[in-house]
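Please model the complete structure; the sequences and the hints are all you need to start from.
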Amino acid sequence: MVKKLIKKLKGAFSRLFGRKRVIRLGIYGEPNTGKTTLANKISMDWMGKEVGIVSEMPHETRTIQKVEHIEVKAGKKTLVMNLLDMPGLSASVDFKEFTKFKQSVRNVDTDFKDLKISDLKRIAEEEDLSKTGKKAVIIQRLKAKISKKKLQTYVKDLKIKITAKKGKKISKTSARKIAEEATKGIVEAIKWLDNVDSVIVMMDSTKDPMTQVNIMLLGNLEAKSIPIVIAANKIDAKNSKPNNIMSAFPQHPVVPISAKEGRNLENLYKTIAENV
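Last residue of the sequence shown: 1510 (my numbering), numbering continuous.
By construction, these hints were calculated from the structure, which means they are not laboratory data.
Bear in mind that the values here come from a model prediction, so they are computed numbers and not experimental data.
It cannot be assumed that every hint is accurate.
[Unchecked claim] Below, in silico cross-link-like pairs of lysine to aspartate or glutamate (EDC-like), each with a Cα-Cα straight-line distance of 16 Å or less:
{"no.": "1", "residue 1": "Lys-1300", "residue 2": "Glu-1284"}
{"no.": "2", "residue 1": "Lys-1494", "residue 2": "Asp-1279"}
{"no.": "3", "residue 1": "Lys-1475", "residue 2": "Asp-1438"}
{"no.": "4", "residue 1": "Lys-1275", "residue 2": "Glu-1495"}
{"no.": "5", "residue 1": "Lys-1379", "residue 2": "Asp-1362"}
{"no.": "6", "residue 1": "Lys-1379", "residue 2": "Glu-1360"}
{"no.": "7", "residue 1": "Lys-1310", "residue 2": "Glu-1508"}
Laid out in C-alpha coordinates, this is it:
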(Lines of atoms letter the chains of each structure in order from A and count residues from 1; the text may use other names and numbers.)
(Lines give C-alpha, C1' and ligand atoms only; values in the text may rest on other atoms or scores of the structure.)
Protein backbone atom coordinates (compact mmCIF):
# COMPACT_ATOMS: atom_id res chain seq x y z
CA MET A 1 0.00 0.00 0.00
CA VAL A 2 2.79 2.44 1.01
CA LYS A 3 4.80 1.51 -2.11
CA LYS A 4 1.81 2.26 -4.36
CA LEU A 5 1.26 5.63 -2.63
CA ILE A 6 4.93 6.59 -3.14
CA LYS A 7 4.71 5.69 -6.84
CA LYS A 8 1.56 7.80 -7.24
CA LEU A 9 3.22 10.78 -5.53
CA LYS A 10 6.31 10.44 -7.76
CA GLY A 11 4.08 10.37 -10.82
CA ALA A 12 2.17 13.45 -9.63
CA PHE A 13 5.38 15.42 -9.07
CA SER A 14 6.70 14.38 -12.49
CA ARG A 15 3.52 15.61 -14.18
CA LEU A 16 3.49 18.81 -12.12
CA PHE A 17 7.03 19.79 -13.07
CA GLY A 18 6.86 18.46 -16.62
CA ARG A 19 9.56 15.83 -16.16
CA LYS A 20 9.28 12.43 -17.77
CA ARG A 21 9.52 9.64 -15.26
CA VAL A 22 12.13 7.00 -16.07
CA ILE A 23 10.85 3.54 -15.16
CA ARG A 24 13.05 0.54 -14.48
CA LEU A 25 11.47 -2.21 -16.55
CA GLY A 26 12.63 -5.76 -15.84
CA ILE A 27 12.09 -8.61 -18.30
CA TYR A 28 11.73 -11.80 -16.26
CA GLY A 29 10.85 -15.39 -17.07
CA GLU A 30 12.13 -18.91 -17.56
CA PRO A 31 15.08 -19.69 -19.88
CA ASN A 32 14.37 -19.66 -23.63
CA THR A 33 11.09 -17.75 -23.37
CA GLY A 34 12.46 -14.93 -25.55
CA LYS A 35 13.55 -12.35 -22.97
CA THR A 36 16.74 -11.29 -24.76
CA THR A 37 15.00 -11.48 -28.15
CA LEU A 38 12.42 -8.97 -26.89
CA ALA A 39 15.07 -6.77 -25.23
CA ASN A 40 17.07 -6.74 -28.48
CA LYS A 41 13.98 -5.88 -30.53
CA ILE A 42 13.00 -2.97 -28.27
CA SER A 43 16.56 -1.65 -28.07
CA MET A 44 17.19 -2.00 -31.83
CA ASP A 45 13.90 -0.30 -32.74
CA TRP A 46 14.40 2.68 -30.43
CA MET A 47 18.17 2.87 -29.78
CA GLY A 48 19.73 1.11 -32.78
CA LYS A 49 21.73 -1.40 -30.73
CA GLU A 50 21.29 -4.90 -29.36
CA VAL A 51 21.30 -5.86 -25.69
CA GLY A 52 22.71 -9.39 -25.77
CA ILE A 53 23.25 -12.67 -27.58
CA VAL A 54 20.38 -15.06 -28.32
CA SER A 55 20.96 -18.81 -28.55
CA GLU A 56 19.15 -22.10 -28.06
CA MET A 57 21.21 -22.87 -24.98
CA PRO A 58 19.32 -22.21 -21.73
CA HIS A 59 20.83 -19.59 -19.42
CA GLU A 60 22.70 -17.90 -22.29
CA THR A 61 22.04 -14.66 -20.38
CA ARG A 62 23.69 -15.12 -16.97
CA THR A 63 24.14 -11.49 -15.94
CA ILE A 64 21.72 -8.56 -15.88
CA GLN A 65 21.96 -6.68 -19.18
CA LYS A 66 20.86 -3.05 -19.15
CA VAL A 67 20.07 -0.36 -21.71
CA GLU A 68 19.35 3.06 -20.23
CA HIS A 69 16.96 5.81 -21.24
CA ILE A 70 14.98 4.21 -24.05
CA GLU A 71 12.08 6.40 -25.19
CA VAL A 72 9.22 4.31 -26.55
CA LYS A 73 5.99 5.62 -28.07
CA ALA A 74 3.01 3.94 -26.42
CA GLY A 75 -0.10 5.32 -28.09
CA LYS A 76 -0.36 8.97 -27.00
CA LYS A 77 2.16 8.43 -24.21
CA THR A 78 5.94 8.18 -24.26
CA LEU A 79 7.55 5.57 -22.04
CA VAL A 80 11.04 6.45 -20.84
CA MET A 81 12.71 3.39 -19.39
CA ASN A 82 15.86 1.66 -18.29
CA LEU A 83 15.45 -1.80 -19.80
CA LEU A 84 16.74 -4.72 -17.73
CA ASP A 85 17.14 -8.09 -19.46
CA MET A 86 17.26 -10.58 -16.59
CA PRO A 87 18.89 -14.02 -16.45
CA GLY A 88 16.44 -16.88 -16.92
CA LEU A 89 14.83 -18.18 -13.74
CA SER A 90 14.67 -21.91 -13.02
CA ALA A 91 14.08 -24.12 -10.00
CA SER A 92 17.40 -25.92 -10.55
CA VAL A 93 20.48 -25.73 -12.80
CA ASP A 94 22.14 -28.96 -13.98
CA PHE A 95 25.59 -28.56 -15.58
CA LYS A 96 25.03 -31.69 -17.72
CA GLU A 97 22.37 -29.79 -19.65
CA PHE A 98 25.02 -27.47 -21.12
CA THR A 99 27.27 -30.25 -22.45
CA LYS A 100 24.67 -30.91 -25.17
CA PHE A 101 25.41 -27.53 -26.75
CA LYS A 102 28.24 -25.89 -28.65
CA GLN A 103 29.80 -22.59 -27.69
CA SER A 104 27.88 -19.49 -28.63
CA VAL A 105 29.16 -16.67 -30.83
CA ARG A 106 30.56 -14.72 -27.90
CA ASN A 107 32.86 -17.66 -27.02
CA VAL A 108 34.15 -18.21 -30.56
CA ASP A 109 37.30 -16.51 -31.82
CA THR A 110 35.95 -15.66 -35.26
CA ASP A 111 38.27 -16.22 -38.20
CA PHE A 112 38.00 -14.72 -41.70
CA LYS A 113 37.01 -18.09 -43.15
CA ASP A 114 34.04 -18.33 -40.75
CA LEU A 115 32.30 -15.42 -42.49
CA LYS A 116 30.05 -15.56 -45.53
CA ILE A 117 31.35 -13.87 -48.68
CA SER A 118 28.55 -11.27 -48.41
CA ASP A 119 29.79 -10.29 -44.93
CA LEU A 120 33.42 -10.21 -46.09
CA LYS A 121 32.36 -7.80 -48.84
CA ARG A 122 30.68 -5.56 -46.26
CA ILE A 123 33.93 -5.36 -44.28
CA ALA A 124 35.94 -4.78 -47.47
CA GLU A 125 33.61 -1.88 -48.31
CA GLU A 126 34.17 -0.39 -44.85
CA GLU A 127 37.93 -0.57 -45.50
CA ASP A 128 37.63 0.89 -49.02
CA LEU A 129 38.92 -2.36 -50.52
CA SER A 130 37.81 -4.08 -53.72
CA LYS A 131 34.86 -6.48 -53.25
CA THR A 132 35.50 -8.40 -56.47
CA GLY A 133 36.83 -11.93 -56.72
CA LYS A 134 36.31 -15.21 -54.91
CA LYS A 135 36.11 -15.59 -51.14
CA ALA A 136 39.79 -16.54 -50.80
CA VAL A 137 40.85 -13.43 -52.72
CA ILE A 138 38.76 -11.09 -50.54
CA ILE A 139 40.11 -12.77 -47.39
CA GLN A 140 43.66 -12.24 -48.63
CA ARG A 141 42.98 -8.52 -49.12
CA LEU A 142 41.41 -8.16 -45.69
CA LYS A 143 44.21 -10.04 -43.91
CA ALA A 144 46.73 -7.67 -45.45
CA LYS A 145 44.79 -4.68 -44.11
CA ILE A 146 43.15 -5.58 -40.78
CA SER A 147 44.03 -7.60 -37.68
CA LYS A 148 42.01 -10.42 -36.11
CA LYS A 149 41.12 -8.02 -33.30
CA LYS A 150 39.67 -5.50 -35.75
CA LEU A 151 37.77 -8.35 -37.44
CA GLN A 152 36.05 -9.12 -34.12
CA THR A 153 35.09 -5.44 -33.85
CA TYR A 154 33.53 -5.49 -37.33
CA VAL A 155 31.62 -8.68 -36.52
CA LYS A 156 30.15 -6.96 -33.47
CA ASP A 157 29.53 -3.51 -34.99
CA LEU A 158 28.01 -4.83 -38.24
CA LYS A 159 25.98 -7.42 -36.29
CA ILE A 160 27.32 -10.24 -38.43
CA LYS A 161 25.76 -13.56 -37.49
CA ILE A 162 28.15 -16.46 -36.91
CA THR A 163 26.52 -19.86 -36.48
CA ALA A 164 27.19 -21.51 -33.12
CA LYS A 165 28.23 -24.66 -35.03
CA LYS A 166 31.58 -22.94 -35.56
CA GLY A 167 32.24 -23.28 -31.84
CA LYS A 168 33.57 -26.27 -29.94
CA LYS A 169 31.34 -28.50 -27.86
CA ILE A 170 31.08 -27.29 -24.27
CA SER A 171 33.29 -29.33 -21.94
CA LYS A 172 32.23 -30.53 -18.48
CA THR A 173 34.55 -27.98 -16.88
CA SER A 174 33.02 -25.14 -18.90
CA ALA A 175 29.52 -26.50 -18.25
CA ARG A 176 30.12 -26.43 -14.48
CA LYS A 177 31.29 -22.83 -14.76
CA ILE A 178 28.20 -21.89 -16.80
CA ALA A 179 25.95 -23.59 -14.22
CA GLU A 180 27.65 -21.64 -11.43
CA GLU A 181 27.23 -18.35 -13.33
CA ALA A 182 23.60 -19.21 -14.11
CA THR A 183 22.85 -19.87 -10.43
CA LYS A 184 24.43 -16.55 -9.43
CA GLY A 185 22.41 -14.85 -12.17
CA ILE A 186 19.16 -16.26 -10.80
CA VAL A 187 19.98 -15.00 -7.29
CA GLU A 188 20.89 -11.56 -8.65
CA ALA A 189 17.69 -11.36 -10.74
CA ILE A 190 15.55 -12.18 -7.69
CA LYS A 191 17.38 -9.53 -5.62
CA TRP A 192 16.65 -6.96 -8.32
CA LEU A 193 12.90 -7.37 -7.76
CA ASP A 194 13.35 -4.70 -5.08
CA ASN A 195 14.75 -2.26 -7.67
CA VAL A 196 12.29 -2.49 -10.58
CA ASP A 197 9.21 -0.34 -11.15
CA SER A 198 7.44 -2.69 -13.54
CA VAL A 199 7.95 -6.19 -14.95
CA ILE A 200 7.28 -7.98 -18.21
CA VAL A 201 6.87 -11.67 -17.41
CA MET A 202 7.80 -13.62 -20.54
CA MET A 203 6.00 -16.91 -21.13
CA ASP A 204 6.32 -19.36 -24.01
CA SER A 205 2.82 -19.66 -25.50
CA THR A 206 3.69 -23.08 -26.95
CA LYS A 207 4.10 -24.57 -23.46
CA ASP A 208 2.08 -25.11 -20.29
CA PRO A 209 2.23 -21.82 -18.33
CA MET A 210 1.46 -23.43 -14.96
CA THR A 211 5.08 -23.99 -13.96
CA GLN A 212 6.65 -23.66 -10.53
CA VAL A 213 8.80 -20.74 -11.71
CA ASN A 214 5.89 -18.77 -13.23
CA ILE A 215 3.67 -19.26 -10.19
CA MET A 216 6.42 -18.29 -7.72
CA LEU A 217 7.54 -15.30 -9.82
CA LEU A 218 4.03 -13.88 -10.10
CA GLY A 219 3.46 -14.50 -6.39
CA ASN A 220 6.61 -12.55 -5.50
CA LEU A 221 5.66 -9.66 -7.78
CA GLU A 222 2.13 -9.53 -6.37
CA ALA A 223 3.46 -9.52 -2.79
CA LYS A 224 5.69 -6.55 -3.66
CA SER A 225 2.87 -4.73 -5.52
CA ILE A 226 4.99 -4.50 -8.67
CA PRO A 227 2.94 -3.85 -11.85
CA ILE A 228 2.93 -6.93 -14.10
CA VAL A 229 2.35 -7.43 -17.81
CA ILE A 230 2.57 -10.98 -19.12
CA ALA A 231 3.94 -11.33 -22.65
CA ALA A 232 2.63 -14.53 -24.25
CA ASN A 233 5.53 -14.94 -26.65
CA LYS A 234 6.08 -17.06 -29.78
CA ILE A 235 2.68 -16.50 -31.39
CA ASP A 236 4.53 -17.02 -34.68
CA ALA A 237 4.73 -20.75 -33.83
CA LYS A 238 2.01 -23.05 -35.19
CA ASN A 239 1.34 -24.65 -31.80
CA SER A 240 1.05 -21.31 -30.00
CA LYS A 241 -1.80 -21.12 -27.46
CA PRO A 242 -1.76 -17.68 -25.78
CA ASN A 243 -5.32 -18.27 -24.53
CA ASN A 244 -3.93 -20.91 -22.15
CA ILE A 245 -1.84 -18.20 -20.47
CA MET A 246 -4.83 -15.85 -20.30
CA SER A 247 -6.92 -18.58 -18.67
CA ALA A 248 -4.17 -19.51 -16.22
CA PHE A 249 -3.55 -15.94 -15.01
CA PRO A 250 -6.77 -13.93 -15.57
CA GLN A 251 -5.80 -11.46 -12.82
CA HIS A 252 -3.01 -10.00 -14.97
CA PRO A 253 -2.95 -8.33 -18.41
CA VAL A 254 -1.69 -10.78 -21.04
CA VAL A 255 -0.42 -9.55 -24.42
CA PRO A 256 0.23 -12.14 -27.17
CA ILE A 257 3.44 -11.19 -29.03
CA SER A 258 6.15 -12.47 -31.33
CA ALA A 259 9.44 -10.99 -30.11
CA LYS A 260 11.17 -12.66 -33.05
CA GLU A 261 8.96 -10.96 -35.66
CA GLY A 262 8.12 -7.86 -33.62
CA ARG A 263 4.37 -8.57 -33.78
CA ASN A 264 1.95 -6.76 -31.45
CA LEU A 265 4.68 -4.84 -29.61
CA GLU A 266 2.69 -1.59 -29.87
CA ASN A 267 -0.05 -3.21 -27.82
CA LEU A 268 2.58 -4.39 -25.33
CA TYR A 269 3.93 -0.84 -24.93
CA LYS A 270 0.41 0.55 -24.42
CA THR A 271 -0.38 -2.09 -21.81
CA ILE A 272 2.85 -1.34 -19.93
CA ALA A 273 2.06 2.40 -19.98
CA GLU A 274 -1.44 1.73 -18.62
CA ASN A 275 -0.12 -0.41 -15.76
CA VAL A 276 2.93 1.54 -14.59
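Status of each hint after checking the structure:
1. Lys-1300 to Glu-1284: holds, 10 Å
2. Lys-1494 to Asp-1279: Distance ~13 Å between Lys-1494 and Asp-1279 Cα, so the pair holds.
3. Lys-1475 to Asp-1438: holds, 9 Å
4. Lys-1275 to Glu-1495: Holds, at roughly 9 Å.
5. Lys-1379 to Asp-1362: Since the Cα atoms of Lys-1379 and Asp-1362 sit roughly 10 Å apart, the hinted pair holds (cutoff 16 Å).
6. Lys-1379 to Glu-1360: Given pair Lys-1379, Glu-1360 holds - Cα atoms ~11 Å apart, limit 16 Å.
7. Lys-1310 to Glu-1508: Holds, at roughly 11 Å.
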